[in-house]
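> In the order they appear, the protein sequences are chains A and B.
Residue numbering for the first sequence follows the working numbering, starting at 2 and increasing by one per position.
Residue numbering for the second sequence follows the working numbering, starting at 2 and increasing by one per position.
Derived by calculation from the structure, the hints in this document are not laboratory data.
Some hints could be false.
You can't tell identical chains apart in this list, so a pair holds if it fits in one copy or across any two.
Mimicking SDA-like on lysine to any residue, the simulated pairs with C-alpha atoms at most 25 angstroms apart in a straight line are [claimed, not checked]:
{"#": "1", "residue 1": "K228", "residue 2": "S103"}
{"#": "2", "residue 1": "K123", "residue 2": "A63"}
{"#": "3", "residue 1": "K158", "residue 2": "S213"}
{"#": "4", "residue 1": "K157", "residue 2": "D107"}
{"#": "5", "residue 1": "K157", "residue 2": "T267"}
{"#": "6", "residue 1": "K77", "residue 2": "V121"}
{"#": "7", "residue 1": "K123", "residue 2": "H17"}
{"#": "8", "residue 1": "K123", "residue 2": "G278"}
{"#": "9", "residue 1": "K280", "residue 2": "G209"}
{"#": "10", "residue 1": "K158", "residue 2": "P106"}
{"#": "11", "residue 1": "K228", "residue 2": "P75"}
{"#": "12", "residue 1": "K123", "residue 2": "A96"}
{"#": "13", "residue 1": "K77", "residue 2": "P106"}
{"#": "14", "residue 1": "K252", "residue 2": "S276"}
{"#": "15", "residue 1": "K131", "residue 2": "R34"}
{"#": "16", "residue 1": "K123", "residue 2": "E277"}
{"#": "17", "residue 1": "K228", "residue 2": "R247"}
{"#": "18", "residue 1": "K131", "residue 2": "S103"}
{"#": "19", "residue 1": "K157", "residue 2": "R268"}
{"#": "20", "residue 1": "K228", "residue 2": "A104"}
{"#": "21", "residue 1": "K252", "residue 2": "C221"}
{"#": "22", "residue 1": "K164", "residue 2": "M152"}
{"#": "23", "residue 1": "K77", "residue 2": "R34"}
{"#": "24", "residue 1": "K123", "residue 2": "S15"}
{"#": "25", "residue 1": "K123", "residue 2": "G209"}
Protein chains: 2
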Amino acid sequence: MGIGDDAAILRVPSGHEMLVTTDFSLEGVHFRREWHPPESVGHRCLARGLSDIAAMGGEPVAAFLSLALPTELPQKWVDGFLRGLTALARKHGVALAGGDTSASPDGILADIIVVGSSPVGKAVRRTGAKPGDSIYVTGELGASAKALAAMYENPKKRLSPKKHLRHFFPEPRLALARYLREHKIVTAMIDLSDGLSTDLHHICDESGVGASISARLIPCAEGASLKQALDGGEDYELLFTAPAGRKVPRKIAGVAVTRIGEILRTRKVSIWTQSEGAKAKRSALVAGGWEHFVE
Amino acid sequence: MGIGDDAAILRVPSGHEMLVTTDFSLEGVHFRREWHPPESVGHRCLARGLSDIAAMGGEPVAAFLSLALPTELPQKWVDGFLRGLTALARKHGVALAGGDTSASPDGILADIIVVGSSPVGKAVRRTGAKPGDSIYVTGELGASAKALAAMYENPKKRLSPKKHLRHFFPEPRLALARYLREHKIVTAMIDLSDGLSTDLHHICDESGVGASISARLIPCAEGASLKQALDGGEDYELLFTAPAGRKVPRKIAGVAVTRIGEILRTRKVSIWTQSEGAKAKRSALVAGGWEHFVE
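This is chain A alone, in the form it adopts within the complex (with noise of 0.2 angstroms):
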């Protein structure tokens, strides 16, 4: 690998091909200065590549980080971004192995590329979902949204990120990815980027299939209304698929794994809720996940 040079030299293990995703982090629309600290900014800022790579049951590899900054920024900030970034790459044994750096004309400006890899042709896609499938969810789900609307709701009080990690320091479910792919378990997933809601309306539109799930087995975080679970992104947990048949573990990798519902042949998605009391309704789940602050 090749640094201090116009481009960066990879080499892929062979039988393996490469991964390859990337995704911005910007003041204003995925984080707030006054909100957010600097090690928060950079852990999230490489957790959201990490957990796209997760997604494909890959293998992380290196990460090139493009930062533009503006002028008046203290070096104290940006050593506190490097040092949440770089902390979460040590853990995952990912090399930063180039990018750019520009004046910034407004606000802090990062993008992150994350190269993985997988065995050739056995990368997760998120088209291999069949009827019949189980639908499974990991960890809790609405924690972060819980965070940001408490934020919202105080935008002056600063929240301990000790107290609401999943916002601050979200864990990417690489080893539990990589655990499914292994043994064959899987056979479509998603990060839970954008909403449980809106992200199994991917599966189902890239698979050409429908679902129905149950509020009632949606692992809610503490504190965390249906809606923050359904609607609220940013969880990084893992949405996936499996056969019905096939033996799930309740546990992988010490992080809870849930079945939520099934995979169906109509192309409808539905959710079944059921008010104290009342019979079970079934009513089509919309697509009303995270919305970026500026938007």
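Add chain B to chain A, keeping to what the hints say.
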């Protein structure tokens, strides 16, 4: 190659390694909407990445575009930008394989990632220049800086892109660079994105050598000053070194190749200049390369 998934899948030809490069194109830093037509911005965005791959003697494979747009931007602008970018991509057989889109807090923000390949161990580095090597540049230098100077001088007047092609639609020297690598001519190479005086320092620093060039040998573009040829960036020509005895064609892939000096054992970088009637004198060549608009 998979699109519409969490990451793009790239197959690497066996016996090849991957080259990865990322480059920002930021409004107000790398271009101005009132100066640069959208087709030019799109073209230059990709040309920056392709030129980096050329500098390694590589073959471009795929490009990824992260693009953040302000909400007020007319769709017509985006269409023009993509037209310029994809026309250049098609010309060089590069697939636009993915990327990211986002709202922008301010201005148009693009980050281009180009993935290329080259036979294992054969990528041309900046580190290979040896004392005694001859120094060459391709094409003519200073044309881009000349156009930029004209725009600064008269900010309201729109320059004709057709009359200033090297600024608005620079051609990355991919075929020429590949020829140099395949014919084992080149010992070190860099693309002239920052300007000759800066990029020659990069080659010397990375190779642990010095250099001496002659002002009268530098192929100045018509109407460009020596200063523009030396310090103006964004010509996207190539600077390379070759062993002293090595025969180098005067023209490769239709582009002139000019010897401008030689590599020295000393770590100093100098230039011979001659005023009319006076004796030639040697002075230190200061890295005075291209400056971003906002700096």
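> It remains to establish, for every hint, whether it holds in the given structure.
Okay, the hints, checked on the actual structure:
1. K228 x S103: So K228 and S103 pass the 25 angstroms test across copies only (24 angstroms; inside, 39 angstroms).
2. K123 x A63: both (19 angstroms within a copy, 21 angstroms between copies)
3. K158 x S213: Close neither inside one copy (39 angstroms) nor across copies (60 angstroms); limit 25 angstroms.
4. K157 x D107: both (22 angstroms within a copy, 24 angstroms between copies)
5. K157 x T267: neither (47 angstroms within a copy, 59 angstroms between copies)
6. K77 x V121: neither (43 angstroms within a copy, 40 angstroms between copies)
7. K123 x H17: Answer is both; intra-copy 9 angstroms and inter-copy 21 angstroms each pass.
8. K123 x G278: neither (47 angstroms within a copy, 72 angstroms between copies)
9. K280 x G209: neither (30 angstroms within a copy, 78 angstroms between copies)
10. K158 x P106: Cα proximity of K158 and P106: across copies only (23 angstroms, versus 28 angstroms in one copy).
11. K228 x P75: Neither. Shortest intra-copy (38 angstroms) and inter-copy (34 angstroms) distances fail the 25 angstroms Cα cut-off.
12. K123 x A96: Classified as both: same-chain Cα gap 23 angstroms, cross-chain 22 angstroms, threshold 25 angstroms.
13. K77 x P106: So K77 and P106 pass the 25 angstroms test inside a copy (20 angstroms) and across (23 angstroms) alike.
14. K252 x S276: neither (29 angstroms within a copy, 79 angstroms between copies)
15. K131 x R34: neither (43 angstroms within a copy, 48 angstroms between copies)
16. K123 x E277: neither (45 angstroms within a copy, 69 angstroms between copies)
17. K228 x R247: neither (30 angstroms within a copy, 70 angstroms between copies)
18. K131 x S103: neither (46 angstroms within a copy, 31 angstroms between copies)
19. K157 x R268: neither (45 angstroms within a copy, 55 angstroms between copies)
20. K228 x A104: Between copies, since 24 angstroms is at most 25 angstroms while 40 angstroms is not.
21. K252 x C221: Within one copy only: 16 angstroms inside, 67 angstroms across.
22. K164 x M152: This pair counts as within: shortest intra-copy Cα distance 13 angstroms, inter-copy 53 angstroms.
23. K77 x R34: within (13 angstroms within a copy, 33 angstroms between copies)
24. K123 x S15: both (14 angstroms within a copy, 17 angstroms between copies)
25. K123 x G209: Result: close within a single copy only, 20 angstroms intra versus 44 angstroms inter.
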